[in-house]
Amino acid sequence: MIVRRSRWRQLVGTELPALLVVIFALAPYAWMVLSSVKPTADLAKVPLVYLPGTPTLAHYGDLLARTSFAANLLNSLIVALGAVALGLAVSVPAAYAFSRFRFPGRRPLLVVFLVVNMFPVVLLIIPLFVLMRILGLLDTYGALILGHGTFAIPFAVWMMTSYMNSIPPDLDEAAMIDGCSRLETIRRVVLPLAMPGVVTTGIYIFITSWNEYLFAMMLSGHEVRTVTVALQLFIGEFQIQWGLLTAGGTLVALPVTVLFLFVQRRLVSGLTAGAVKT
Amino acid sequence: MLAPAVLTTTAIVFFPVAQTVLLSLRDAVLYRPQDMPFVGLANYKRALDDEIFWISVGNSLVWVVLAVGLQFLLGFATALLLNRSFSWRAAARALVVVPWALPSVIIGLMWTWMYDFNLGVFNDTLVRVGILDKPVAWLASPDAALYAIVLALTWQGFPFFAVVILAGLQAIPAELYEAAAIDGANGWQRLRYVTIPSLAGVMATALLLRTIWVANSLDVILVMTGGGPGLATHTLPLYAFLRAYSGMEFGYGAALAVLLTLALLALVVLYVARAAREAAR
Amino acid sequence: MQRRQFLVGAAGAAAALPFAGRARAQAPVTIRWWYHFDNPQHSPAELVTRFERENPGIKVQAESVPWGGGNDYATRLYAAIIAGSPPDCAMVKLNNQARLLEMKALEPLDRQVAGWFGRTDIPDNIWAINKATDGRQYYLPLQYVVLYLYYRADLFQRANVAPPKTFDEFLRAAQATTRDDVWGFGMRGGAGGHDHWASFVLGGGATFDKGGMVSEKALAANRWFVDLARVHKVFPPSAPNDGFRQIIDNFKSGRAAMTIHHIGSANEMVDALGDKVSAVPVPRAADGKGWTSFGDESNAVFAASRNKEAAFKWIAFLSAGANNVDFNKFTGQLTVTKSGASGWSLHPKRFVDATFDSLPIAAVLPDHPKTADFTRTVWPQNMQRALLGQIGADEMMRAIERHFHG
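Chains as they are written, first to last, in the working numbering: chain A, 1 to 278; chain B, 1 to 281; chain C, 1 to 406.
I should point out that these hints are in silico values taken from the structure, not numbers from a laboratory. All the given hints hold, so there is nothing to weed out.
Part of the chain C face toward chain B, derived, beta carbon under 8 angstroms: (1) GLY190; (2) ALA191; (3) ASN250; (4) ALA372; (5) ARG376.
If you anchor each label on the Cβ, the simulated ranges turn out as follows: (6) B:LYS45 with C:HIS42: 48 to 54 angstroms; (7) C:PRO28 with A:ALA30: 50 to 56 angstroms; (8) B:ALA263 with C:ASP134: 42 to 48 angstroms.
Backbone N, C-alpha and C fix where the C-beta goes; we use that ideal spot for every residue, glycine too.
Input sequences plus hints: build the corresponding full structure.
If you want it as structure tokens, here you go:
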């Protein structure tokens, strides 16, 4: 009896609301997936055609065979991973310093990292373009990775600082008293504990870079074309290639979702994994 | 340890920002690059006398409060749900991220299409179910357009809060809940006295960063309405963008951008104090 | 300091490099060309190969740039010019010519055009439309469209009206075809829709000269146009936000009996509607005056290019006879060559006829640095407010007058 009641509570209190949230998250995407397998003639019909009479993979075929979409996906992947690497490499040490050391100018500096985030990046495009041209980086992975660094780094510094702050300093102090060097402490105590934060920040940078259009459009040409720019090419002056666009949109979301499926285990490590209890 | 972050940020953010700020003091028109006279604060004065500037400020306020608020509430609820254990939790966690995994351009186009007067799935469904008796031109109505876009942005942004808060929830020591349970706290009390205080730092930072991000975002609006109908969805960054690139009045656009930054600073000054105190703890 | 940054680019663009001599033209050169196609499945690779075979020693690097409503393409081009690294040549439109000239970014082509064999194959009126205000030729015409009136033959028959030739007939036809969920005219009120307005208001007597938007005639013409929405309600309620996609979909799905667009959408319309769609030139005012938009596309060579002769050879190749016809297969527009136009088979004849019949009233907006901003923000903003009744029709015209004449 008790078991059944708790099962009932679980269903109504947790699984049903969770299902609603998932439906809300997926419905527009599902509409896109449905559209991507409809023949072009079904896309602009009144009354609306909900289910494709004869599903077709023609749009996907065209997308992969007749445009450079696969290569663009790879470019996006390289840029996004590069941005994650850059963002984490500079922000994790900085966050540790902000969180664990007290030094003059600490607070103003932290605030500066926040304020630079507030400037609308669209207005930075032209100065950044000129800068990249002087550095000779236009149309390289470097230009895009650095460009995405403009939002990734300040954000990551803040995010990581707040995650590090939520780790009790007693833990790393205890480790140092036990004879660990500072680097060892970071590697063996702080980083494992901060892992959910590192993963979250990494995901954030990855997704933002993956979806970024303006920098990708401005700072890269035909050598390093990302998926967002490629998708924009389906929206012409007098035509929208709905079939290609929905097929492309469907594919674009997949790598991020799969990535998240893999890394989400990492979100569950950290303090609840028992570090505190030892 | 700070050097890499400080140096890169100086080079790729601070330097272009400084350039843009200096340009806001000039009558900088992009198609006249040879002739950019210094005009002091004239661009700022012009903004304060500009009717469209004030309309944009008002829209921006509604936009930020609603979009961030809804994203946060929905994201928080989602995180709490996905923190409980149930059989398909891993799948649910991954699927919820889907909206966030789509480029803004696609989101703008898909939602425009779904809102379409004629071919939109919203109108079609609502009319079929009988909630509406005839289709509504959502994005062409000055009363509905802004809210329609807020809904699209809520959809896009709530997974961010869900993921960030979910990660924060993992960091709450189990002992705190155990102790609360021993004290006889019910579910609501545990949320109120354990979960929220423990998450305060992470939530404040996430809210702050998201507020900044949403306040600066314009791509979804640009795709869906371009600021219209009339001025109904003109926000400040969109206005700055249009002045800078459509009007090519880069100096004026830069001044609007600086004003936006100042407004954000004022808006989040409480946050900054709070978050900086948190960080300085 | 930051001013110098901008100057670096400007100086680079302004310093006209001496023309490469014959000796240099023989050394292998690579020219960069920017283009935009509506369908990314099309690639100019075949044309490039043919050109490179005919011109050994010149390589063409063709780069597609996202159009983004015209804004992305232009922003990218301007940024490249400011930074001193524009391509050698690119596809361009007249609405940007004044700005590009003001930036001293364009190379005059008069000398090369005078000696080019294909010059006489392009009609004089197309050359004339593309001439800059300083009387020189910077743009080499590539393709064009002319806006005309699409109408649903079946809906017209049902309502027992004929395709309109005058504004009055237009109003009658629009009223006759408007019913429950069908509107007489699918009006484009989003950015880029100024063409619809211009046919009736410029055709009705408004001009871009000083005072031309606030003359009695101009104000009356605009009041008449706004009344189509406010009083006669022959536009769908979605008109204030409708773009080209929506007007075509509304038309195809039978929600609108008329709309204004060009031959670029003809094949798509016929695929969906067959004989039920046809076209005539846009209606004219009672005094016989009319206006319709000439949609231009040209190639230009940039002043900063080091290989101007080679760049000209490439763009001239694209505008010559059979090559130009092949190019238009990718874009769905019309060839600028007389030889290509005879025996044209890419579109059904009735739409080609409607295009040719519209040429006498076809024109472009003024070649003015403020035109691009007018089409992108000033017109849509004020038109939408007028359509929604937030401002009066006259107030809209005063705002446009202010934009151009302070």
